[in-house]
Each structure stands twice: as structure tokens, then as C-alpha cells.
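**Q** Chains as they are written, first to last, in my numbering: chain A, 1 to 107; chain B, 1001 to 1739.
Everything labelled a hint here was simulated from the structure, so no lab data went into it.
Just to be clear, a hint being listed does not mean it is correct.
[To be verified] Between beta-carbon pairs, the in silico distance windows are:
1. B:N1647 - A:L56: 53 to 59 Å
2. B:P1320 - A:E17: 46 to 52 Å
3. A:K86 - B:H1249: 30 to 36 Å
4. A:T67 - B:E1269: 53 to 59 Å
5. B:R1234 - A:G27: 26 to 32 Å
[Unchecked claim] DSS-like cross-link-like pairs, simulated, lysine-lysine; straight-line CA separation at most 25 Å:
6. A:K26 - B:K1638
7. B:K1720 - B:K1732
8. B:K1703 - B:K1297
9. A:K26 - B:K1699
10. A:K85 - B:K1694
11. B:K1297 - B:K1664
12. A:K20 - B:K1251
13. B:K1733 - A:K26
14. B:K1590 - B:K1575
15. A:K86 - A:K26
16. B:K1279 - B:K1664
17. B:K1638 - B:K1720
18. B:K1241 - A:K95
19. A:K85 - B:K1699
20. A:K85 - A:K63
21. B:K1638 - B:K1607
22. A:K86 - B:K1694
23. B:K1732 - B:K1575
24. B:K1575 - B:K1694
25. A:K86 - B:K1699
26. B:K1664 - B:K1590
27. B:K1607 - B:K1657
28. A:K95 - A:K26
29. B:K1713 - B:K1699
30. A:K20 - B:K1241
31. B:K1590 - B:K1699
32. B:K1720 - B:K1733
33. B:K1657 - B:K1309
34. B:K1664 - A:K85
35. B:K1279 - B:K1694
36. A:K86 - B:K1279
37. B:K1279 - B:K1699
38. A:K86 - B:K1575
39. A:K95 - B:K1251
40. B:K1703 - B:K1713
From the three backbone atoms N, C-alpha and C, an ideal C-beta is built for every residue, glycine too.
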Amino acid sequence: RFSAVFIFSPKQAEVEETLKRIQTHKGVIGTIVVNAEGIPIRTTLDNSTTVQYAGLLHQLTMKARSTVRDLDPQNDLTFLRIRSKKHEIMVAPDKEYLLIVIQNPSE
Amino acid sequence: GRPQHSKMYCHPNDIFPLTLTSATQELFGCRCDEDVTGDNPYKILRKEDIVQDMRMRAAVSDFSPVKQLVLDYPEDELLLVYDRDFIYGSSFYLVLTADAKERHLKPVVALGVEVALECEPLEVFAAQKTSEPQPWISLGSEQEIEEESVTDSRPRYRISRVRREFGAPIFFSDRNAMETKDGFLECTPYQDKNFSLKQMERHTGVQTIPNLKSSSTQTQWTYPRSMCTQYEPREFSEEEKENCLQSEHLKNLVNSVASRFEIAIQQNEIMDVFFDDWKALSEEDSGYGRKADPHLKEYQSFTDLHFSKEKTISNINWHPTINGVIAVAVTERLSFEDRINGSTKLLLNPSLILFWSFSDPINPQLLLECPDDVFSFEFCPSDPNIIVGGCMNGQVLTPSLSLFLSISLLTEKPTCGVVDIYSFSLFHSDKVSRMGVPMENRNGICVQIVTCAPDCCVMFWDIRAPRVLQTMADQRKQKVEEKPLENPHGVPNTFKHLDLTWKPLIRVQHISYCKTQLQLVLSTTFCPQDGELVYTDWKLEKDNDSGRLFSAKPSHRFIIHDGQVNTVRRSPFFKDIILTVGGWTFAIWKEGVMNGPIIQSSCSQKKCTVGYWSQSRPAVFFIGKEDGNIDVWDLLEKTHEPSQTQNITATQITCIKPWIVSSKQHLLAVSDHLGTLHILEIPWTLRSPSSNEKLSMSKYFEKEVDRLVYFEKRREMRAKEKKDSEAEELRKKMVRYSI
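Chain A extracted, bound-state conformation (with noise of 0.2 Å):
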């Protein structure tokens, strides 16, 4: 008998789906996944460029982080939206991951 095994468990397969849909956004460049050490988990871009974004997003966001709870302790940041010339990238941060999205706003 055969049976088949799914890969992907329903849940999963969410995951997958939901970040493929933000993925094909119209202007979206890239999408990472980053684990609470920086370490790159899941990724659209070439190696260098991730861990490159992975390093140093995963910095600033726990510095931003610390700032926003030191001026006021019960607050935590929910979002980073950073807007450069070319750019904008998109940061949500989690206790132990970190979503990355990096899209053209004007194309």
C-alpha cells in the first residue's frame, strides 16, 4: 500500500502561502526570516545579501527596541518601517523571530 505523506502541515503550508502572498506584492523585493540571533531561517534573496540584512536589521531593531521600552517600560515596539531613497523595508519583531520585507515603493 501506498500512502502519501504531506510535506507541509496545514499550518505550514500558511505560513508558506502568507509569505508568498506578501512576497508577490507589486514592488516587493525580498522577504526574510530571521531568528532571534540574526541567524537567517528562511529567505528570497541570494545568501550574502540576506545575511548582510539579517545582521544588521536584527541590531537596530533591538535598538529600537530598547528604546521605545525605556521611555515608557509597559510599551514594546510592533513595527519598524524604514524609509530610504530607494527603499523601504519592513521589520516585525518577535521575541524569538524577526520578519523581514523589503520593497520599491515607487517603480
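Dock chain B against the given chain A, drawing on the hints supplied.
**A** Only chain B this time, still in chain A's reference frame:
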């Protein structure tokens, strides 16, 4: 004589020291220490007695020195004082004046002379009564009196007038004080020190601080040891990544933040809130204000009387790395027949490639002598010391310039000579009319060249072997060539089938390349002489029968231009837009759109001889004309005619090549049929792209493609309609006939 004391004593004027002998002393009753003592030294002598004594004893008298003084003495009695201590040098002294006598007799405050005086009041009064007026001794009191008195310090001014002018009206006139010297007295301000206050007291606060001292130390590097650290980022293995991706936590996170991301992304998609419309407007306007002159300005022009006289320039190339160096290939201005007729003369005249440098407009820097007229040459993009040239007689030359260039550009003298020419012997039966830019292989080093010639051959060459040019068909060729330096037998004659379909004398004029990698498909276009454009794939296919590689048939051909197509160029901004110039028109093509050119110009008055895209503006390109004009086309401004026309030279323009020196200087090299190379400067309006120019151009091209497609559809529809209507008519006819 009288005993004289050796010491001279000063004595006041009103006494006279006398020495009296004892006889005189007895006579006058003033014996020392008997009649007169230290306590009572005074003796009053009568004048008459003294006079008598002097008469009696004459010169011997002790009083003879004072004879006259005694005679002059006004009073009757003289005072003789016993000088016991010899203060004045003698034992006695005679007081000569009356008030001195008074002084002696009265008690006085003496300076070294102690005089105890017992005076009688009567005598004092008598002395006072007879005081006579003395001459006034000034003690300085007249100065005070003078100060107090009021006198004129200067002479008084008198102003007088004639009597008849009394009461007459006075007329004043103006006078400029500056006219006459000393016309006015100035009271210049000065800083009076009296008024500069010196603050003697001040209230300030004082605070003590701890004593601060800064210092630094440096540790001593006792054991110098080189060390370095190399690091690389941490990465997860695939399994770990999978684990993380599977985790619950991540799933929840992604699901929760996805909406936030989407909102943000959509915000950006809808509108760019940071875009400053106002500023963007101004960028376009500023082009009108400054540097309104849109003309190409002549920057420099090179012509050599010696080497480029009677010749024309067939190709120009800027040196890829050295700034300001441009190479031109000069060829004889002869038609084919003339060439054959005058071939002997041609042999004497060397054919050259001249290198010009901006620093020296008169002498070319380097002359490369070639065995024959070079029609086309290119610098190798990866190694600018290598030039590949295609000659009149079909040879391909690659002199290696490295040694030569460094020497000649330093000495700035035109040097003739050739270094290391490697040439093929006559692989093309006719002249090599165009060279291809060597293509790159995966390492970015150019190892291949493509040549094309009117003998209907397009050949690929591999120059990878050092110093020895070998031929190679392509990288997948199996057969190795026996004679490496000889004809490339192995190269498939790509145009074999063309040979059969077209007339034999086909000139393949130009090739442009896309810089894709060798392994991939190389597609290119080229155009034969009678205005046709051929589009084909370079990928060599394997013929199943013979095992040989051959190239596919050309996929499309178009006849658009009415004359020889001389330019096929890809746009530097759009990889699939190609400009072709030939005959009296030019056309713009888009790769993939096989219906026809997306833009085609109307016929111009004069033949278009050459065309080139602008390097910095996607919408601009230059067309050179037969009459020496350059048409500058700006597709965003006008599409039916050139945006400006400028006359550069009197004869036909043979080649145009632009070059970007710096962001402020863009140059255009234009060569003409007379052998002169003009370097023009591209003005700001033609070199600086407007904002979104590339976007606008791509939209424009899309629109044109849509138009083509639409027309194609309409054509089909019309054809179908026509067919339908014909069928209908035929049917009607049939019906009529059948009836």
C-alpha cells in the same frame, strides 16, 4: 710777618678773624683768658682807640688788615670776640657789621657756633630802630602775586569799521570751509582718560573645585605579534531551518503580522507619500533656465595634414580606459574599381590607425601601420591593449599595444610602427567590413571576436590562446582544427543557406551584440546590402545526420530601408530596442515583436549615413547625414522630425561615437569623409535625462507595440472581412447563376 694759620677757615662776611699780640691785648684790655674768657668772649672796643693804635703803630698794628673796614664802620664801638676754640682760625675775630654785632650779643640759634648772649634790651631796641631798608631778596613770593593778577595773555584784537558802514545792512555769503587751508578748526574727539572708569571694586562669586588633572597612559606592546581574525556569518543547516519553519511560534507570528505587512505594502503601492511633487516639477523647469543652448559645441577637431590627407575615416573608437584618447582608422577614399586600378600606388601609402590625444591636437600620438586599409576595428573591452582590426584584404589583425601605448603617450611624439601583429591570411575573400565587439565569456574576459565580410561569412574567433590566435567555432565544438593559424574550416559558414537565397554580392554591414554569456543563446541581427534585415539565433544546433554543428536558419527577414543599412545598434538602456539606419530612413525595432519596426521615420532629404544612441538619455539618438548634418532626435519631444539639426562639416559623416568623460562632460566624436575628426561637446539639455525618461520611453514603446499589434489585428480583420464579403458575393453570383 704775622703767623698765618695753615688751615683756611670759612668765615662769614661780617666778621674778620684777627690775631692779636699780647701787647695789643694788654693795650686794649682783652687779654686771653683774663679779660676775655670762653664764657665771656665779648669785648667792646672803641673805634677811636683802634684808629689811634693803627696810627701809632702803622703796619705793625694788629688791626692793619682791617684798617679800612674799621674806618668804614659806622658806629663807634666794635665788637671783638675771643675765639677761644679757633673756629675761624684765629684767636679773636672782629665783628664788622652792626647787626652782626647785635646778633652776637643777643642769644642766637647758631649753626655750629654756640653763642650765649647776654644782651641788654636797650641795645636791642637801639639796634632795631636803626635798621635800614635792605634790598629785597626774592623768596618766590612774586610768582604768587603774578598768578593772582589779571593781565592780557595775548594782544587784544581790534576790529574797526569805516564810519559810514555803521548800521549798514550786512550781507553774508557762503564759503566752503574746505576751500582754504585752515578754513576751519576741527575739534576731533579723543578718548579722554578722565572718563574711562577703572573699576576698583567688584563683586564676584568664587567657588572652589576639586583639583582636576587629566592624564593618559599607553600600554606597552611588549610582544608584537601579528594576528588576524576571519569570520563568517553563522548559518543554519537545512534541518535547523526546517525545524524553525515548522515551529508553532513562527506560524503564529506570521499569521499575526501578515496583515500589518500587507497594509504597509499596499500603502506604498497606492501612493509614494515621500515623493515631493513640487521639487520634481522644478527639475524639469530648470532645464529651460540654465544652459539654454541646445547645440553641440565644437570641442576639438583633429586632422592631420600628413596622414589623413585625401583619406576618409572609416571607424572611430574611444579608448576604453585612457581618457582623452581616441583612435581613428583612415582609409583611402576610393571606390572599389579605383582601388584595383590604383593598387600599386596604394602600396606605397601606408594604411594607418591614428591615435589622437586631447593634449595634442596637431600631432597624433600613435600611428599603427597596417598592411592594408582597416575598415573596422575594436578595442578589446577587457584588455584595452588589444585591438582587433579588419582590413581591406580580408585580414584580421590584432596588434598588441601595451608596450607601445605607454611609451608613445609619454613622449608625445607620433610614432610609427607596429608591434606584434598577428594576422590571418585571407580568411575572408573580401574585405572585412565590420568587426564585432568581442563577446565576453563567463569570466568577463573577452575571448571572442566576430567578423563579417561581404563574402557572406560571419565568423567567430577565439583569441584565448596567449599570443597565438586560434580559431574556434564555439565552445562545444568537437572537431579540433588541424592548422590553428589557418582558415577556420571548422567554423560553420553560417550563411550557407543565405548564399543560395540571395544574390552573391551581399554586404553584411554591421553586427551588434548583446552581452549575454556564451553558453546562452546569442541572438543578433544584421543587414545585407539591399536594405534587408535578418534576424537569427546564433545558437548552433546539431545536425543529426552528419554530427556537425550548424546554425539555424534565420528566423525573420524584413525589407524596410531603401538603401544599404549601415547601422544596427542596441539601445544602452533597453536591451530589446534596436535602432537601424539605412538609406533615407531609420527604424526602431523591439526584439520579440516580429511584425515590423515599432517606429519608422519618414524619408529625409538626405541619405542617413550613420546612427548612434545617446549614452545618457534613453530617448535621444543621433543620425549622421550625407551632407554633414547631425540630426538629434528626441523621441519624447518630437517624433515626426528631429528635435534639432546641426551642421558639422561639409561632407558626409562617416562615424559617430559618443563618450562620457565625466558627469559634466559628454563628448561626441564625429568623423567625416574628408578625414577630419570632430569632437563635439554635448550640451546639458541633450545629456541630462529628465526624470522618468526611461519610464516614459518604455511606455511609449509599449504604446507603439500596441499600435502595431492593433493594426495587425485590424489587417487580419479586414482581410477576413474582405474574404467574407468576397465569399458572399461569390455566393450571390452563384445563386444568381443557378437561378
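**Q** Evaluate each hint against the coordinates.
**A** Taking the hints in turn, this is what the structure says about them:
1. B:N1647 - A:L56: 53 to 59 Å: holds, 57 Å
2. B:P1320 - A:E17: 46 to 52 Å: holds, 50 Å
3. A:K86 - B:H1249: 30 to 36 Å: Hint holds: Cβ distance 33 Å, inside 30 to 36 Å.
4. A:T67 - B:E1269: 53 to 59 Å: Violated, at about 29 Å.
5. B:R1234 - A:G27: 26 to 32 Å: holds, 31 Å
6. A:K26 - B:K1638: Distance of about 33 Å is beyond 25 Å: violated.
7. B:K1720 - B:K1732: Holds, at roughly 18 Å.
8. B:K1703 - B:K1297: violated, 34 Å
9. A:K26 - B:K1699: Between A:K26 and B:K1699 the Cα gap is close to 18 Å, so the pair holds against 25 Å.
10. A:K85 - B:K1694: Answer holds: A:K85 to B:K1694 is near 18 Å, not above 25 Å.
11. B:K1297 - B:K1664: Given that 25 Å is the threshold and the Cα spacing comes to 14 Å, the pair holds.
12. A:K20 - B:K1251: Within the cut-off at roughly 14 Å; holds.
13. B:K1733 - A:K26: Violated: B:K1733 and A:K26 sit about 59 Å apart, past 25 Å.
14. B:K1590 - B:K1575: Roughly 9 Å between the alpha carbons, so the hint for B:K1590 and B:K1575 holds.
15. A:K86 - A:K26: holds, 15 Å
16. B:K1279 - B:K1664: holds, 22 Å
17. B:K1638 - B:K1720: Given that 25 Å is the threshold and the Cα spacing comes to 36 Å, the pair is violated.
18. B:K1241 - A:K95: holds, 17 Å
19. A:K85 - B:K1699: Judged against 25 Å, a Cα distance of about 23 Å means the pair holds.
20. A:K85 - A:K63: holds, 22 Å
21. B:K1638 - B:K1607: holds, 20 Å
22. A:K86 - B:K1694: holds, 16 Å
23. B:K1732 - B:K1575: Answer violated: B:K1732 to B:K1575 is near 53 Å, above 25 Å.
24. B:K1575 - B:K1694: Measuring from Cα to Cα gives roughly 12 Å; hence the hint holds.
25. A:K86 - B:K1699: Holds. A:K86 to B:K1699 sits at ~21 Å (cutoff 25 Å).
26. B:K1664 - B:K1590: Not satisfied, since the Cα-Cα distance of roughly 31 Å exceeds 25 Å.
27. B:K1607 - B:K1657: At roughly 19 Å apart (the allowed maximum being 25 Å), B:K1657 and B:K1607 satisfy the hint.
28. A:K95 - A:K26: Violated, because 29 Å separates the two Cα atoms, which is more than 25 Å.
29. B:K1713 - B:K1699: holds, 21 Å
30. A:K20 - B:K1241: The given pair, whose Cα atoms are some 17 Å apart, holds under the 25 Å limit.
31. B:K1590 - B:K1699: It holds: about 13 Å lies between the C-alpha atoms, which stays within 25 Å.
32. B:K1720 - B:K1733: Holds, at roughly 19 Å.
33. B:K1657 - B:K1309: holds, 22 Å
34. B:K1664 - A:K85: holds, 24 Å
35. B:K1279 - B:K1694: This hinted pair holds, its Cα atoms lying about 19 Å apart.
36. A:K86 - B:K1279: holds, 17 Å
37. B:K1279 - B:K1699: holds, 23 Å
38. A:K86 - B:K1575: With Cα atoms ~23 Å apart, A:K86 and B:K1575 stay inside 25 Å; holds.
39. A:K95 - B:K1251: Roughly 13 Å between the alpha carbons, so the hint for A:K95 and B:K1251 holds.
40. B:K1703 - B:K1713: holds, 15 Å
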